[in-house]
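Undergrad: In case you want the letters, here they are:
Number of protein chains: 2
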Amino acid sequence: MRTDIERFFSPKSIAIIGASQDLVTISGQPLKHLLSHGYKGKLYPVNPKYQDVAGVKCWPSLESLPEAPELALILVNASRVPDMLTSCGKKGVPYVIIFSSGFSEMGGAGVTAQQKLAEIAREYDIGVIGPNCQGMINAADGVFAGFGSVFGSDYKPGSVSMVSQSGGFGFSVMNLSSLDGGLPFRQMVTTGNEIGVSTLDFMDYFIRDPQTDIIGTYIEGVKDARRILDTGDKALAAGKPILMWKVGNTEQGQKAAASHTANLGGAMALYKAAFKQKGIIQVEDIQDLVDYGRALRSNKLPKGNRLAIITISGGAGILMTDEIVARGMQMAQLSATTVAKLKEFVPSFGSVGNPVDVTAAIFNDLTLINRTLQAINDDPGVDCIAMINASLQGEIAQKVAAEIIAVAAKTDKPIFISWSARDAVAPEAYGALDAARIPHYKSPVRCGRALAAVSWYAEARRRNAAQKNDKAPVISRPAAQAMLKGKTGDVAEYAAKQVLAEYGIAVTKEELAKTRDAAVAAAQKIGFPVAMKVQSSDISHKTEAKAVKLGVANAADVAAAFDDILKNAKAWKADASIDGVLVQEMVGDGTEVIIGITNDALFGPAVMFGLGGIFAEVLKDVSFRLAPITLAMAREMIEEIKGYPVLAGARGKAPADVDALADTLVKLSALAVDLKDQVAELDINPLLVMPRGLGVKAADALIRMKS
Amino acid sequence: MRTDIERFFSPKSIAIIGASQDLVTISGQPLKHLLSHGYKGKLYPVNPKYQDVAGVKCWPSLESLPEAPELALILVNASRVPDMLTSCGKKGVPYVIIFSSGFSEMGGAGVTAQQKLAEIAREYDIGVIGPNCQGMINAADGVFAGFGSVFGSDYKPGSVSMVSQSGGFGFSVMNLSSLDGGLPFRQMVTTGNEIGVSTLDFMDYFIRDPQTDIIGTYIEGVKDARRILDTGDKALAAGKPILMWKVGNTEQGQKAAASHTANLGGAMALYKAAFKQKGIIQVEDIQDLVDYGRALRSNKLPKGNRLAIITISGGAGILMTDEIVARGMQMAQLSATTVAKLKEFVPSFGSVGNPVDVTAAIFNDLTLINRTLQAINDDPGVDCIAMINASLQGEIAQKVAAEIIAVAAKTDKPIFISWSARDAVAPEAYGALDAARIPHYKSPVRCGRALAAVSWYAEARRRNAAQKNDKAPVISRPAAQAMLKGKTGDVAEYAAKQVLAEYGIAVTKEELAKTRDAAVAAAQKIGFPVAMKVQSSDISHKTEAKAVKLGVANAADVAAAFDDILKNAKAWKADASIDGVLVQEMVGDGTEVIIGITNDALFGPAVMFGLGGIFAEVLKDVSFRLAPITLAMAREMIEEIKGYPVLAGARGKAPADVDALADTLVKLSALAVDLKDQVAELDINPLLVMPRGLGVKAADALIRMKS
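Those sequence lines, one after another, are chains A and B. Counting from 1, position 488 in the first sequence corresponds to residue 488 in my numbering; the numbering is continuous, with no gaps. Counting from 1, position 56 in the second sequence corresponds to residue 56 in my numbering; the numbering is continuous, with no gaps.
Next up, chain A with everything else stripped away, as it sits in the complex (with noise of 0.2 Å):
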């Protein structure tokens, strides 16, 4: 696979195989496009049929040019582009765009013919972009190497980087968030049915591409999903924020998985999970897009989660409160001396709370913004500040952005401006700020949004950086392997837990009672009350088959159970192979959560975590991660769900073992990378958490093979 895409996005050739002289199809304006934005290598149209395109020397075939241009663009139609792509091969040319459509999208033959590009670009090692897409900008080197009405503008260069899996969707945002939203791109990319250069190869790109600062992103969905991980860990390490934009957010129908866990762990589930263990930054419409690249092309992160705001209009203070609280962020609590410093200046019908509301005395008094965003500044409890600046126009409002620089020229706090004036009658002062890479925006909405996604990704570094020693523990079972070898479809209770206790994971006593007598010698050994269970693989829903009896409490009772289980298992399921019933310990006291893998096709192992019953099944309240996970991260995972204050101690219960808890998490998370191969689905439902001290046990399980 190539990886040198800086020859992609700066070829010093481009042969346009199918040019057009009608300019305005979608075969004539590529050259077009090339030529009106100066690019400034050598241009090959390629067309028997002309002699010339638009002035430029036109070449009867790709064999006849008399280099292999750097980059082609494919324009002909679908029947013809395997022939051209083998024509690029030959002739030895590294990267080559595919325009044209009618391939996977299509579905039938479509399909076939797509995989016959695949394999033409992996023998002449092409690097392919699309078919099916629309093509690149380059806007810092003029290569306009696309159609579409947005390729008839200019650009001034920035430093984002975007990759779109939609070519007019994604051409669009580059658009307005260039020319309407100021923040220029630097290149932009849309890879369409990606039989070759994929979102994460350019993701990766850009992260090595020196220039590019932010790294945008447009999915419907990735085939090497699990390499986000590694894509972003890059990213973080680079300190080159990624904009994710994930799309194709509705769930399509059930899936007939076994386990909750795989269930609720749909696709986008496993992207959150990625995302959040990795800080990728999700956006949700263009205009998160732009208000967050504004916020990160600041280059200042906050050291914590705790803001500062300062006002001259009270109103708007709350609005911009409820926004960052609901989203994670503190309102920093301001120190007596700040406190002191701001009741120096700041008018007694202002506020020297937090929101600090110095009113419209700024008229009377423009020192007024120094000396209070310089007393905040110099608090030790403030992490980040934002000044709220009402609809100051004009000359005023070029003064006080000059007081805004000057302070920010000097501090590591990143501050964000919430100024409501149009365009039109502030140009100055936005041009000031913007120089000085000074986020603002015209809502105080969108102002505590922004900060708030810059917070969570600067806490994600931080996290990121603190636990990168951290190590997830590896475990190699070769006896849980020969266990399950063989083995097909679900895996029950029994069977399931010796798997589990392989790792390490608490199961409760119990024994596989074949007879009536066993049952009852089980029951005496582990000691009364004791629970009863089928054991069948095609009994999964044990309870609804009235196959469980809980709390049996005497010999007489276990024998009973012990036939009453039998009889209704072969009324659930007549034909079901019945291994026995299980004799186990009853577990009391403890909260039921439940536990699991999914071995996902594209994201490999994850696990989950959600209190048992209902929260996870109706109110879907749980969280995934990849696998492996450190304790660290396993902790993250329990304190996130909204119901944790049931484990940490609600309602008088005394605080459940969540230390436990995590440990067993960590365990179940290397017992699904060590049997990814084998295992499809597992779940362990209920674990008990034990108060603390006491443990957790596994009650129940259930394995599913992955054949």
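In short, the hints are calculated from the structure, not lab data. Some hints here could point you the wrong way.
Said to hold, decoys possible - According to the in silico footprint, chain B covers these stretches of chain A (three or more CB under 8 Å from chain B):
| id | stretch |
| --- | --- |
| 1 | 101-114 |
| 2 | 237-250 |
| 3 | 310-324 |
| 4 | 368-380 |
| 5 | 472-482 |
| 6 | 494-503 |
Yeah, the Cβ is synthetic: ideal placement off N, Cα and C, and Gly gets one too.
Once you've looked at the hints, dock chain B against the given chain A.
TA: The following block gives chain B in isolation, referenced to the frame of chain A:
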């Protein structure tokens, strides 16, 4: 209280009390703005220092004016405001805007000073706006009575009228919405501290105003909150949607309420309940206001929530689908007839599913747009249509707009457009859509959100129309009022349940036993096993006091439990006044829910519903309605919580008796109204909901009295 608010917005004469010759200052600006915007009435600057201001004759005092002006603006220092207001009263001025600050927003003496103003206003029947506000703009009549930079702009009058409690930010919203957002305003007023004409007074006026179609509101909180129901009703009847921006959602600290209902029923929960009950559309940013306002200007409401999407570029359809499904709309299922029709002309590489992808083939055949729109519009399974036009610009954009406008003119179904071209490159197309009142948005996300908001509003209107003859039952129970008479603090379970029973709410069989022997006798009468609980208005948390025993199985155990409960109760609170021990039937097999009443100082009585235990307390998965409620509203409350599937029969459980639960909620709401002068809070926790047909039973209850 004055209601002739049209005089306020269109006064024939205005006095400016404290007018300054320095037109840049706050007291100089109003005259400047009135003059520059061509105010047509008489202007009377009042200031004993000047002969004239800005060329207008200046008067020494209000008394000296030749007539009573219809509006006076007071711009003097706080200390002089009472005298000026009194002068206005004596002169017979109907409306006064007090701009001056220094009243309740300062606390202390400011509060007293403000009360004085309110008294003067009442004495002379003056409609006071403010104090501490920024004035008013009536764009339709050119009345610019206020100060601030946004008063310098010209506004094309529209049909949106807005009232804002924030001055500075409110006018920013008008400025950005009208001039950048393309949502022209008719009137805008800021109310500041609201001692006279309130937010709701203005909303009521906007409903009456024939020129206002859409009502905007920005509030931190209203004093007459329950009036929102009445105002909402009138707005629904008049077909004038209300866009409400409620800020201040960050809850400050914990309330010291006895009941879960009151703890969960913070201001925001009750505002949201009121909005839901009356179809008031909540907005959370300027962009929401603009987007939803533009959507509502079309004056077409969908008859259902089924959307069909037509796109010329696949990707963006996914985005809109995500958005509308997440907000409660559905993707329409196109009929076989429609699909057959579409197949006649949609290209084979497009899609005739929903979203319908007509592809870039429209470039070759523009009639595709008309034909596709027409076919979709004819489908009875489609309630509204969204069309996604990517970045089409220039001439083709104009033609596409014309095609859309032609279809839209002949249908009642709303047609929304997502169109990502910048304003600068498709001005004619956008202008034509605006003139035809066809809403268009730069991103599919914003378009989807606006559609969902309109669909939600349309549904609220349908619901209110369908239920308009439903009456909430009125239950008057003098006996219950007598039971509670003279009680203060908490009323414990036994007595509380007797009150519930008066309203027909089913309670457990139980007896209050004062002696051990009485407890045994009661248990024998009720039947074993029984539950036993201490009864004391000093012990609200009986379980935590270990003063509850469940499943007590025989007479000896009852006797022992009696002693134990009293001992533990004393240990928990030595000086607790104990009424006895409640002996109660054990109710099996019900689903635990919690229902209750909070009697809010501003909203009056409201009822709550949620699942029991941590669902309500930790996850806050509850619903509220302001009482009284009808049976249909009770059903909505039950169905809207996330945990509803638990009652509907999730996880193999029998469906619960939701009919009985809804009936009980209605009775509780009637109780809330009947006892609203006595009861501050009430929890039934748990209410056990039996399987369908078997009713409900209140297993525990607590009342907190108002005093």
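Undergrad: Of all the hints numbered above, which does this structure not satisfy? Sort the numbers upward.
TA: 4, 5, 6
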